[in-house]
Amino acid sequence: GEDVEQSLFLSVREGDSSVINCTYTDSSSTYLYWYKQEPGAGLQLLTYIFSNMDMKQDQRLTVLLNKKDKHLSLRIADTQTGDSAIYFCAESGTDSGAGSYQLTFGKGTKLSVIP
Amino acid sequence: DAGVTQSPTHLIKTRGQQVTLRCSPKSGHDTVSWYQQALGQGPQFIFQYYEEEERQRGNFPDRFSGHQFPNYSSELNVNALLLGDSALYLCASSTGTGFYGYTFGSGTRLTVV
Chain A
1 GEDVEQSLFL SVREGDSSVI NCTYTDSSST YLYWYKQEPG AGLQLLTYIF
51 SNMDMKQDQR LTVLLNKKDK HLSLRIADTQ TGDSAIYFCA ESGTDSGAGS
101 YQLTFGKGTK LSVIP
Chain B
1 DAGVTQSPTH LIKTRGQQVT LRCSPKSGHD TVSWYQQALG QGPQFIFQYY
51 EEEERQRGNF PDRFSGHQFP NYSSELNVNA LLLGDSALYL CASSTGTGFY
101 GYTFGSGTRL TVV
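Line by line, the protein sequences give chains A and B. End of the first sequence sits at 115 in this note's numbering; the numbers just go up one at a time, nothing left out. End of the second sequence sits at 113 in this note's numbering; the numbers just go up one at a time, nothing left out.
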């Protein structure tokens, strides 16, 4: 079955760049996502990338996809204390015949930003 | 514009009881998915509803059931509650396939004692 792996913790200093890594096993993954979860809150979609792309940039966020190695990363430039949260990598693939796209999540990476 | 609304925010139930959780999708969204997030884990897919029918289901027992209403809102029902059902239950809405990502609610925290 599908599996998504992430490192559990990352600590960076304010102003530095953060890089959160993720690996996935499902070669049919069509879309890959990064979600952010703050304490006591739901999940906020940060960005997504299609499997036929290798990079996507959105303001301070850069997503890199290595489809051959099934590796996804999220780089946050100029990390701020407000970026402290849990970041989830998620993938979706096509469920043939059903036409729906469930998300499979990793366990999340807790990012701590040191002032 | 209201996003995804879930109720209640917190709930305490006794083992063996039944519970109903509610979700109103974001305006313009017609698809509702439910996820269970245990403490320290990523969300796990329970099922997805579209056009008032269950379109896809994850690896959850039949004790978990749902419904979608004509106005696209949805309910999640869990029967015969177990201690292991304690979790944050998240509702996510999208249009159609959800290619461009799902909008999540803040969740219902269910505690089974």
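Among these hints, one or two may not hold up.
[Claimed, not checked] So the derived label-pair ranges between C-beta atoms look like this:
| hint | chain 1 | residue 1 | chain 2 | residue 2 | range |
| --- | --- | --- | --- | --- | --- |
| 1 | B | Arg-109 | A | Ser-7 | 23 to 29 Å |
| 2 | B | Gly-28 | A | Asn-52 | 24 to 30 Å |
| 3 | A | Ala-77 | B | Thr-20 | 40 to 46 Å |
| 4 | A | Ala-77 | B | His-67 | 28 to 34 Å |
| 5 | B | Tyr-100 | A | Asp-26 | 40 to 46 Å |
| 6 | A | Met-53 | B | Arg-15 | 46 to 52 Å |
| 7 | B | Glu-53 | A | Asn-66 | 22 to 28 Å |
| 8 | A | Asp-3 | B | Pro-61 | 39 to 45 Å |
| 9 | A | Gly-82 | B | Phe-99 | 36 to 42 Å |
| 10 | A | Leu-61 | B | Pro-61 | 21 to 27 Å |
| 11 | B | Ala-38 | A | Asp-69 | 28 to 34 Å |
| 12 | B | Asp-30 | A | Leu-61 | 25 to 31 Å |
| 13 | B | Leu-82 | A | Val-19 | 18 to 24 Å |
| 14 | A | Met-55 | B | Ile-12 | 43 to 49 Å |
[Claimed, not checked] Non-contacting residues of chain A with respect to chain B, defined by C-beta distances greater than 12 Å in every case (computed):
| hint | residue |
| --- | --- |
| 15 | Gln-6 |
| 16 | Asn-21 |
| 17 | Gln-37 |
What the hints contain is simulated information worked out from the structure, not anything from laboratory work. Quick reminder that beta carbons are idealized off the backbone N, C-alpha and C, glycines included.
Results for each hint:
| no. | hint | verdict |
| --- | --- | --- |
| 1 | B:Arg-109 to A:Ser-7: 23 to 29 Å | holds, 26 Å |
| 2 | B:Gly-28 to A:Asn-52: 24 to 30 Å | holds, 27 Å |
| 3 | A:Ala-77 to B:Thr-20: 40 to 46 Å | holds, 44 Å |
| 4 | A:Ala-77 to B:His-67: 28 to 34 Å | violated, 44 Å |
| 5 | B:Tyr-100 to A:Asp-26: 40 to 46 Å | violated, 19 Å |
| 6 | A:Met-53 to B:Arg-15: 46 to 52 Å | holds, 47 Å |
| 7 | B:Glu-53 to A:Asn-66: 22 to 28 Å | violated, 38 Å |
| 8 | A:Asp-3 to B:Pro-61: 39 to 45 Å | violated, 22 Å |
| 9 | A:Gly-82 to B:Phe-99: 36 to 42 Å | violated, 28 Å |
| 10 | A:Leu-61 to B:Pro-61: 21 to 27 Å | violated, 38 Å |
| 11 | B:Ala-38 to A:Asp-69: 28 to 34 Å | holds, 29 Å |
| 12 | B:Asp-30 to A:Leu-61: 25 to 31 Å | holds, 28 Å |
| 13 | B:Leu-82 to A:Val-19: 18 to 24 Å | violated, 39 Å |
| 14 | A:Met-55 to B:Ile-12: 43 to 49 Å | holds, 46 Å |
| 15 | Gln-6 | violated, 8 Å |
| 16 | Asn-21 | holds, 15 Å |
| 17 | Gln-37 | violated, 9 Å |
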